[in-house]
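Protein chains: 2
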Amino acid sequence: MKIVTKSEILTVLRQFDPLLDVESGFVDYSKGLACIPPVSELVLEKGEVHIKCGYLKAGVHYVIKVASGFYGNSVLGLPSSNGLMMLFSTETGEAKCLLQDEGILTDHRTAIAGAIVAKYFAPAVVSAIGVVGTGIQARLQVKRVSQVTGCKKIIVWGRSTEAAERFRRSMQVEGYNVELIEHLESLAGKSNLIITTTPSSRPLLSQNMIQAGTLIIAIGSDTPEKQELDTDILVNATRIIVDSKKQSLTRGEVSRALRASAIGEHQVFELGAEIAKGRRPTMATETTVVDLTGLAVQDLKIAEFVLNRIN
Amino acid sequence: MKIVTKSEILTVLRQFDPLLDVESGFVDYSKGLACIPPVSELVLEKGEVHIKCGYLKAGVHYVIKVASGFYGNSVLGLPSSNGLMMLFSTETGEAKCLLQDEGILTDHRTAIAGAIVAKYFAPAVVSAIGVVGTGIQARLQVKRVSQVTGCKKIIVWGRSTEAAERFRRSMQVEGYNVELIEHLESLAGKSNLIITTTPSSRPLLSQNMIQAGTLIIAIGSDTPEKQELDTDILVNATRIIVDSKKQSLTRGEVSRALRASAIGEHQVFELGAEIAKGRRPTMATETTVVDLTGLAVQDLKIAEFVLNRIN
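Taken in sequence, the protein lines are chains A and B.
For the first sequence, counting from 1, position 302 maps to 302 in the numbering used here; every step adds exactly one.
For the second sequence, counting from 1, position 294 maps to 294 in the numbering used here; every step adds exactly one.
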């Protein structure tokens with residue numbers, strides 16, 4: 001079994017971009033070419049662990065991905081997220097590769113999903129990118145979505161003003177024009193592309209804050225409990241897109257709205273199927289919500305991408 | 001992360017016996033001290049993969065175990081079973097150890113479960129150990145159960161006479177007195193401790209074959225579909241024991257009998273709880289069926305055992 005270290009992975013990610021591979025994963029998934037069992041979850045006293053696995057029917061590997069969040073780690077000077085990915089042969093079951101990514105491949109494939117969403121569904125002109133949250137995912141999303149949209153104007157809100165100020169300073173150094181705001185109303189009023197990246201379990205944004213014509217990329221909620229968007233936003237959206245219709249029945253913003261019968265399943269479209277239709281102009285008044293809960297096919301694609309670049 | 005090779009694992013297993021550790025795992029499990037989510041399953045064209053995970057509430061590690069069976073591997077000169085185990089910190093989520101066991105730790109912890117069952121529930125005098133199946137699990141079970149019971153008389157039945165003959169010869173060399181029989185009736189007539197180890201999905205043994213006073217250890221069936229024992233055997237058993245009452249609702253011999261309403265949940269007892277009561281004399285006419293579908297707590301215990309002996 002090949003063992004790949006975090007620093008080798010970072011080197012690959014600095015040189016090459018897995019975006020097109022992950023994008024093709026979403027398309028294959030929506031064509032029914034992937035087998036993905038339900039996510040396995042371990043809830044511990046100090047953290048939670050998600051185990052995702054799956055394969056593409058025509059593929060040579062199955063993936064097992066472990067991603068954990070231990071929210072007290074920062075006190076110990078450790079990052080809260082951790083994890084690894086493994087590839088096994090779909091022909092013989094043999095372990096082929098361990099990627100000791102410590103969670104960064106999950107961070108990257110998630111940020112890439114945001115970039116893919118922006119590539120297909122961003123407003124024609126993005127006035128500013130609003131980002132809710134100041135962690136690693138907020139940073140990666142801003143970088144990737146900015147690259148796709150060309151917008152360097154960032155509005156940021158964080159629960160901790162200190163963390164938000166750190167975010168502002170470091171992103172400023174990297175060439176972004178970052179405005180830190182205190183109230184989410186102002187964030188939504190100034191941005192027509194909003195990315196939510198917190199582990200909140202109470203809605204942070206509500207319909208009355210949102211401008212018509214906004215794209216909302218909802219990243220934070222990936223369990224039945226977590227929630228960043230008031231259900232009203234989904235009820236009033238022009239379109240609702242998820243990475244997996246099946247997974248959205250039990251996880252993420254959409255699952256809540258479905259459980260409350262605020263929206264119907266027929267209103268929910270799948271990312272891979274929408275991508276397959278190709279890019280089309282976005283209407284100025286169209287509000288789109290894209291709810292991402294994370295798919296094993298993203299893990300499979302980014303793991304294979306790194307393995308192929310290292311071999 | 002510490003990486004432990006298969007040969008290091010084999011060295012540890014030759015020197016030390018994890019039986020008492022696995023036994024305490026069953027007891028802790030039945031005391032409600034373990035958190036074990038449902039088994040995750042990948043069904044591929046050429047094989048199947050089970051992913052088990054879990055932890056003990058007072059423990060320092062959570063385990064993720066991958067075990068696969070690819071039944072066409074023998075044509076390629078590869079063993080059909082494969083897999084690995086990983087230990088992560090329950091405090092921080094950090095990966096602590098990868099055990100590249102290629103499936104042997106699953107083989108051993110399963111055989112150890114058989115030995116634990118024999119230790120507590122074998123007839124006072126074992127006339128012969130009957131074993132159904134001739135693969136690696138059949139061999140390991142015979143060795144371990146023979147050690148516990150002191151019985152070296154083995155009756156073996158296999159679907160392939162060639163494989164059964166190979167089993168007979170190699171076990172004979174290791175000092176066992178092995179009789180190969182053609183019909184399962186004779187196996188059950190000559191043995192009062194029977195171990196079933198095949199991936200059969202049709203019953204191989206039925207009630208009319210079984211002598212009163214027999215202990216049956218059912219290893220092979222660990223999914224809703226697999227079956228080695230006719231339901232009549234469960235209906236007529238003096239007692240039925242499973243490794244996990246929860247898992248037996250959906251997996252193994254007992255799940256079939258429960259689904260068919262042939263037995264009731266109140267008739268099913270849990271191994272760890274029975275062990276905790278201590279050994280007691282077995283009545284000569286008492287027929288016991290123990291149905292094992294495999295628990296993550298066994299994986300956790302054997303993985304920690306190996307790690308502690310290597311450190």
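Simulated from the structure, these hints should not be mistaken for lab results.
Be a bit skeptical, because a hint or two may be false.
Note that identical chains are pooled: a pair holds if it fits in a single copy or bridges any two copies.
Said to hold, decoys possible - Okay, derived cross-link-like pairs now, DSS-like style, lysine-lysine, Cα gap no bigger than 27 Å in a straight line:
| id | residue 1 | residue 2 |
| --- | --- | --- |
| 1 | K57 | K226 |
| 2 | K143 | K246 |
| 3 | K46 | K2 |
| 4 | K6 | K96 |
Status of each hint after checking the structure:
For the homomeric pair K57 and K226, the shortest alpha-carbon distance between copies (24 Å) is at most 27 Å, but the shortest distance inside one copy (32 Å) is not. Taking the closest pair of Cα atoms, K143 and K246 never come within 27 Å of each other, the shortest separation being 29 Å inside a single copy and 47 Å across copies. When the C-alpha separation of K46 and K2 is checked against a cutoff of 27 Å, the pair qualifies only between copies, where the shortest distance is 23 Å, while the shortest distance within a copy is 31 Å. In the homo-oligomer, the alpha carbons of K6 and K96 lie at most 27 Å apart both inside one protomer (17 Å) and across protomers (15 Å), since each shortest distance falls under that limit.
Hint compliance for this structure: hint 2 is the single one not met.
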